[in-house]
Amino acid sequence: MWKSSTEISNSIFYPLKIWAEETSGNWNMLVGSGFVLVLLGVLLLYVYIKRIGKADERTNQIYLNSASIMLCGVVLFDLIFPKEYMWQIFFLFKYAFVFIAAGIYLAVRYKKELS
Amino acid sequence: MLTLKKEVEDYVENKVYEYRVLKRMTQKDLADAVGVSKQTIFVMEKNNYSPSLILAFRIADFFDVDVNDIFTYVKGSD
Chain Z
0 MWKSSTEISN
10 SIFYPLKIWA
20 EETSGNWNML
30 VGSGFVLVLL
40 GVLLLYVYIK
50 RIGKADERTN
60 QIYLNSASIM
70 LCGVVLFDLI
80 FPKEYMWQIF
90 FLFKYAFVFI
100 AAGIYLAVRY
110 KKELS
Chain E
0 MLTLKKEVED
10 YVENKVYEYR
20 VLKRMTQKDL
30 ADAVGVSKQT
40 IFVMEKNNYS
50 PSLILAFRIA
60 DFFDVDVNDI
70 FTYVKGSD
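Protein chains in written order, with numbering that gives the first Met the number 0: chain Z, 0 to 114; chain E, 0 to 77.
Simulated from the structure, these hints should not be mistaken for lab results. Among the clues, some could well be false.
As the list claims (entries may be wrong) - Using 20 Å as the maximum straight-line C-alpha spacing, the simulated PhoX-like pairs for lysine-lysine come out as follows:
hint: 1; chain 1: Z; residue 1: LYS111; chain 2: E; residue 2: LYS22
hint: 2; chain 1: Z; residue 1: LYS49; chain 2: E; residue 2: LYS14
hint: 3; chain 1: E; residue 1: LYS45; chain 2: Z; residue 2: LYS110
hint: 4; chain 1: E; residue 1: LYS37; chain 2: E; residue 2: LYS14
hint: 5; chain 1: E; residue 1: LYS22; chain 2: E; residue 2: LYS37
hint: 6; chain 1: E; residue 1: LYS27; chain 2: E; residue 2: LYS14
hint: 7; chain 1: Z; residue 1: LYS111; chain 2: Z; residue 2: LYS93
hint: 8; chain 1: E; residue 1: LYS74; chain 2: E; residue 2: LYS37
hint: 9; chain 1: Z; residue 1: LYS110; chain 2: E; residue 2: LYS37
hint: 10; chain 1: E; residue 1: LYS27; chain 2: Z; residue 2: LYS49
hint: 11; chain 1: E; residue 1: LYS74; chain 2: Z; residue 2: LYS53
hint: 12; chain 1: E; residue 1: LYS14; chain 2: E; residue 2: LYS45
hint: 13; chain 1: Z; residue 1: LYS93; chain 2: Z; residue 2: LYS49
hint: 14; chain 1: E; residue 1: LYS22; chain 2: E; residue 2: LYS74
hint: 15; chain 1: E; residue 1: LYS27; chain 2: E; residue 2: LYS74
hint: 16; chain 1: Z; residue 1: LYS111; chain 2: Z; residue 2: LYS16
hint: 17; chain 1: E; residue 1: LYS27; chain 2: E; residue 2: LYS45
hint: 18; chain 1: E; residue 1: LYS22; chain 2: Z; residue 2: LYS53
hint: 19; chain 1: Z; residue 1: LYS53; chain 2: E; residue 2: LYS27
hint: 20; chain 1: Z; residue 1: LYS110; chain 2: Z; residue 2: LYS53
hint: 21; chain 1: Z; residue 1: LYS110; chain 2: E; residue 2: LYS22
hint: 22; chain 1: Z; residue 1: LYS53; chain 2: Z; residue 2: LYS93
hint: 23; chain 1: E; residue 1: LYS27; chain 2: E; residue 2: LYS37
hint: 24; chain 1: Z; residue 1: LYS49; chain 2: Z; residue 2: LYS111
hint: 25; chain 1: Z; residue 1: LYS16; chain 2: Z; residue 2: LYS93
Because the structure is a prediction, the values reported are computed rather than measured.
Just chain E, same shape as in the assembly (with noise of 0.2 Å):
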C-alpha cells in the first residue's frame, strides 16, 4: 500500500507560557512589553509559529533568562 511520508518543518519550541505564568502576565501584557500582537503571543504560547531571532531574544531579555532557556530548536523529519 502506498502511504505518504508526512515532512515536518523544522520548528522552535518555547516556554514562553510557563515564564508568563510565573511573572503573572497576561499574553497581552507580554505582547505589549516586546512589540507585537497579543495572536502572535498565543501563537507562540500553541508552539504553532517559531519567532523571529530578534523577537526571540527580545523575549528572553524582557524575562532576563538566556535565550536557550525560553526556546528550542527542534530538527523536523525529512
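Next up, chain Z with everything else stripped away, as it sits in the complex (with noise of 0.2 Å):
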C-alpha cells in the first residue's frame, strides 16, 4: 500500500531523533553540525555574491535563478522534514541546506564562467 509522507518522513528521521536524544552529546553533535553548515552556506553564497558582482542584467538572472533554486529547496524540505518533533533542528538544516545549494549553484556559474 501507499505510505503517505508522514509515514515516509518517521521512518527516515524518527531513528535520528532516536540517536540525537540518546545523550547530551549527541544532541550537541546535531545542532552544531547545524550551524557549522548555516555557516559554510552564508559564507558560500557571500564569496560567489562577491565574486560574480553587482546587480546589472547578467547577474540579476544568475541571482533569480540562484533564488529559485533556494525556493524550490525550502519547499522540498518543507514537505519531507517532519515537522511533529525536532523542529527547530530541523528548521535549521533546512536553510543550510538551501543555502549551500544556491551557494553551489552560484560556483558552477561562475566556473563556467571563467573557462
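Take the two lone chains and join them into the complex the hints point to.
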C-alpha cells in the first residue's frame, strides 16, 4: 500500500531523533553540525556573490536562478522534514541545505563563465 | 559508434577588449561608464556572455562607433 509522506519522513528521521536524544553529546553534535552547515552556506553565498559582481542584466539572471533554487529547496524540505518533533533542528538544516545549494549553483556558474 | 552531436547556441562575438585597450581603459572604467559590473565586462571580453541589445548599443555609443563594428552575430550549429 501507499505510505503517506508523514510515514515516509518518520521512517527516515525517527532513528535520528532516537540517536540525538540518547545523550546530550549527540544532541550537541547535531545542533553544532547544523550551525556549521549554515555558516558554510552563508559563507559560500557571500564569497560567490562578491565574485559574480553587483546587480546588472547578467548577474540579475544568475541571482534569480539561485533564488529559485532556494525557494524550491525550502518547499521540498518543508515537505520532507517532520513537523512533530525536533522542528527547530530541521529548520536549521533546511536553511543550511538551501544556502549550500544556492552557493553551489553560483560557484558552478562562476566556474563555467571563467572557462 | 554512437556520437552525440554537440549543439552550439547562437551567440554574439565582440571586440570590446580591442576598443577598450585602444582607449587605455580598465575593465572597471568601462563597467562604470556603461553601468554594469566589472565581471560582466570580463566575461563579455572572453565571449562567454552575449549582451542585451541595450547594453550592446550603450557600449557602441560609448566608443562612438556603429554597433556592428563591435558586435557580430554568430549563428550556432543546429
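Has the given pair, Z/LYS49 with E/LYS14, been kept, meaning a C-alpha gap of at most 20 Å?
Violated: Z/LYS49 and E/LYS14 sit about 26 Å apart, past 20 Å.
Between E/LYS27 and E/LYS45, does the CA-CA distance stay at or below 20 Å?
Measuring from Cα to Cα gives roughly 15 Å; hence the hint holds.
Is the hinted pair E/LYS45 and Z/LYS110 satisfied, with a Cα-Cα distance of at most 20 Å?
Roughly 13 Å between the alpha carbons, so the hint for E/LYS45 and Z/LYS110 holds.
Compare the distance between the alpha carbons of E/LYS22 and Z/LYS53 with 20 Å, and conclude whether the hinted pair is satisfied.
It is violated: about 24 Å lies between the C-alpha atoms, which goes past 20 Å.
Measure nothing beyond the straight line between the CA atoms of Z/LYS53 and Z/LYS93; if it is 20 Å or shorter, mark the hint as holding.
Violated. Z/LYS53 to Z/LYS93 sits at ~27 Å, over the 20 Å cutoff.
So if I understand the rule, the pair passes when the alpha-carbon distance is 20 Å or less; does E/LYS22 with E/LYS37 pass?
Holds, because 16 Å separates the two Cα atoms, which is no more than 20 Å.
Check whether the Cα positions of E/LYS74 and E/LYS37 lie no farther apart than 20 Å.
Judged against 20 Å, a Cα distance of about 27 Å means the pair is violated.
Holds or violated: are the alpha carbons of Z/LYS110 and Z/LYS53 at most 20 Å from each other?
It holds: about 17 Å lies between the C-alpha atoms, which stays within 20 Å.
Against the 20 Å threshold, does the CA-CA distance of E/LYS27 and E/LYS74 hold or violate the hint?
Given pair E/LYS27, E/LYS74 is violated - Cα atoms ~30 Å apart, limit 20 Å.
So if I understand the rule, the pair passes when the alpha-carbon distance is 20 Å or less; does Z/LYS49 with Z/LYS111 pass?
Measuring from Cα to Cα gives roughly 16 Å; hence the hint holds.
Is the straight-line distance between the alpha-carbon of E/LYS14 and that of E/LYS45 20 Å or less?
Satisfied, since the Cα-Cα distance of roughly 10 Å is no more than 20 Å.
Given the hint that Z/LYS110 pairs with E/LYS37, does the C-alpha gap stay at or below 20 Å?
16 Å, holds
Violated hints for the displayed structure, listed by number in ascending order: 1, 2, 7, 8, 11, 13, 14, 15, 16, 18, 21 and 22.
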